[in-house]
Amino acid sequence: MRHKLTIAVPRGALLAGTLDLLDGLGVVTDEVRANDRKLLFEDAGIVTMRPSDVPTYVEHGAADIGITGKDVLLEQPDREVYELVDLGYGRCEMVVAARKGDDALAESLRRLGRVRVATKYPRVALRHFAETGRQAEIVQVNGSVELAPLTGLVDAIVDLTATGTTLRENGLEVLEEIVTCTARLIANPVAHKLKAPDIDALVRRIRGDWE
Amino acid sequence: MHPIPPGTRDVLPDEMSELRSITERLRATLDAAGYGEVWTPLLEYEEVLRAGDEAAAGAGYRMFDERGRVLALRSDMTIPIARVVATRLAGVAEPLRLSYFAHAYRSVGPGTGHQSEFLQSGLELIGVKGADGEAEVIELTLAALDAAGLARHRIGLGDGALYRTLLATLEVPPERRDDLIERLSKRDLVGLELSVDRLGLARDARDMLVRVPGLRGGAEIFDRAGGPAVGALDGLRTLYAALADRGLADRVILDLGLVRMLGYYTGAVYEVYDPAVGFTLGGGGRYDDLIGRFGAPRPACGMALDVQRVHIAQAAEERLR
Numbered sequence: 013m014r015h016k017l018t019i020a021v022p023r024g025a026l027l028a029g030t031l032d033l034l035d036g037l038g039v040v041t042d043e044v045r046a047n048d049r050k051l052l053f054e055d056a057g058i059v060t061m062r063p064s065d066v067p068t069y070v071e072h073g074a075a076d077i078g079i080t081g082k083d084v085l086l087e088q089p090d091r092e093v094y095e096l097v098d099l100g101y102g103r104c105e106m107v108v109a110a111r112k113g114d115d116a117l118a119e120s121l122r123r124l125g126r127v128r129v130a131t132k133y134p135r136v137a138l139r140h141f142a143e144t145g146r147q148a149e150i151v152q153v154n155g156s157v158e159l160a161p162l163t164g165l166v167d168a169i170v171d172l173t174a175t176g177t178t179l180r181e182n183g184l185e186v187l188e189e190i191v192t193c194t195a196r197l198i199a200n201p202v203a204h205k206l207k208a209p210d211i212d213a214l215v216r217r218i219r220g221d222w223e
Numbered sequence: 005m006h007p008i009p010p011g012t013r014d015v016l017p018d019e020m021s022e023l024r025s026i027t028e029r030l031r032a033t034l035d036a037a038g039y040g041e042v043w044t045p046l047l048e049y050e051e052v053l054r055a056g057d058e059a060a061a062g063a064g065y066r067m068f069d070e071r072g073r074v075l076a077l078r079s080d081m082t083i084p085i086a087r088v089v090a091t092r093l094a095g096v097a098e099p100l101r102l103s104y105f106a107h108a109y110r111s112v113g114p115g116t117g118h119q120s121e122f123l124q125s126g127l128e129l130i131g132v133k134g135a136d137g138e139a140e141v142i143e144l145t146l147a148a149l150d151a152a153g154l155a156r157h158r159i160g161l162g163d164g165a166l167y168r169t170l171l172a173t174l175e176v177p178p179e180r181r182d183d184l185i186e187r188l189s190k191r192d193l194v195g196l197e198l199s200v201d202r203l204g205l206a207r208d209a210r211d212m213l214v215r216v217p218g219l220r221g222g223a224e225i226f227d228r229a230g231g232p233a234v235g236a237l238d239g240l241r242t243l244y245a246a247l248a249d250r251g252l253a254d255r256v257i258l259d260l261g262l263v264r265m266l267g268y269y270t271g272a273v274y275e276v277y278d279p280a281v282g283f284t285l286g287g288g289g290r291y292d293d294l295i296g297r298f299g300a301p302r303p304a305c306g307m308a309l310d311v312q313r314v315h316i317a318q319a320a321e322e323r324l325r
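Heads up: the sequence lines are chains W and D, in that order.
Residue numbering for the first sequence follows this note's numbering, starting at 13 and increasing by one per position.
Residue numbering for the second sequence follows this note's numbering, starting at 5 and increasing by one per position.
In isolation and in its complexed conformation, chain W is listed as follows (with noise of 0.2 Å):
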């Protein structure tokens, strides 16, 4: 079965949750985990890459099979994939967060009429503002969002968070949960067909796993 099926694995958080699932399948995964740099493993049927690509590899079919965040499949809508299991590890919140104390976020809302808001993730943001009845003026962020509000360059930040520390050790404070996220199988659409018995077959022994 592993042979047949090439599956997307994402490097950083959800990395040691995920090779701990393959091991569990049946899937070798020494090689991965000896090995930081590579990022094909033909032998395995695993690719590695940033979390937020695997969407693209699945939905492209260079993968058949994948492993993300919901905070990637959220911010990414559009994309043609199979939503197929939650796989319940790589559990985090996405959270509107803000300098502890200050409440320069209900202030600019009051006075100026929108808030601004840093985040790596604009299309949740955005949605979440406005289901909730407010103007948001977004502002994408690669990398430290924390830093945005502390710097006075937006009122607010959306991001993910699992324990909280980095917020807090940044004088932030979480002000409201938008969604909890957790690891998703997701599988591409022409595999999902053309491949249904093996991909089938995974699903059943992850799900064995989990129940």
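There could be a bad hint or two in this list.
To give an idea of the interface, some chain W residues facing chain D are shown, with a C-beta separation under 8 Å as derived from the structure [stated by the list, open to error]: (1) 23; (2) 27; (3) 31; (4) 93; (5) 94; (6) 200; (7) 208.
Rather than coming from a laboratory, the hints here were simulated on the basis of the structure.
The beta-carbon is built from N, C-alpha and C at its ideal position, and this holds for glycine as well.
Please arrange chain D on chain W, whose structure you already have, making use of the hints.
Then chain D, alone, in the frame of chain W:
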């Protein structure tokens, strides 16, 4: 730099001659089966396209003519052909067999790898009800792709109305159904399961709503669906039997989760797959109400192929030989 819009492309002679060879082979198959080729205008009045399908006119490219009327680039050929059939061919009673090779347009974001201008090859069979018409369209699509040099292509078969019928049979409150259908059409099976759980149904009904959309395969899935789904599957069962009679059972994949997004499909829906391409090569379905939106109703079904994707599959097939 003199850029061209994202999702469009220039075609140079090497590629063009290969594309031409593919369209010629597709055309020969359709011609031999009695499908006559038609052209319709690239530009249509937006309100006319909108009469065919609200969503079809909304997403693409629009402009004004010299009198301020809104024009739109067609997003597929099925709606223009429905218009032609209801107007120019309204008096012709017998079945109509039409084919086309034409560009259609859908707006896409830059960097998505999708085409905003794409060449479609398609066929429409008008005036033949039920499985007979659908089996003809599917058989011809498979044959046309054989002729184009593909070998491993399959057609996915679903029933666009199946899940809605199941929801009605299981007495899911009407106001909750759209959410479930939307999650299914977005292929969000995790979200679908969550939504089904929130309905608070009995165990059997709950399991059925979660399990049925995941069923894919051959005739065995009719048994695996079971329970209230049995009646809802009659249409698909008849079509599968008609295809089996034509010796095509192993070239189609039944898919009880298949829902195509276009609003005008009324029954069977199809998608075309090839292992060399990560996207569907094309799709289609039965659209018995569409022609009626432009005049007298007539049953119809059809299929459209993306010629460029067929080319990618054909090139991959050639490399395997």
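These are the hints, each one checked on the structure:
1. The interface hint given for residue 23/W is violated, since its Cβ lies 21 Å from the closest Cβ of chain D, which is over the 8 Å cut-off.
2. Checking residue 27/W against chain D by beta carbon gives a least distance of about 21 Å; that is not within 8 Å, so the hint is violated.
3. The interface hint given for residue 31/W is violated, since its Cβ lies 22 Å from the closest Cβ of chain D, which is over the 8 Å cut-off.
4. About 7 Å separates the beta-carbon of residue 93/W from the nearest beta-carbon of chain D, less than 8 Å, and the hint is met.
5. For residue 94/W, the shortest C-beta to C-beta distance to chain D is roughly 4 Å, which falls under 8 Å, so the interface hint holds.
6. With a least beta-carbon distance of about 5 Å to chain D, the hint placing residue 200/W at the interface is held under the 8 Å criterion.
7. Annotation: residue 208/W was flagged as interfacial toward chain D, and the flag holds, the nearest CB pair being 4 Å apart, inside 8 Å.
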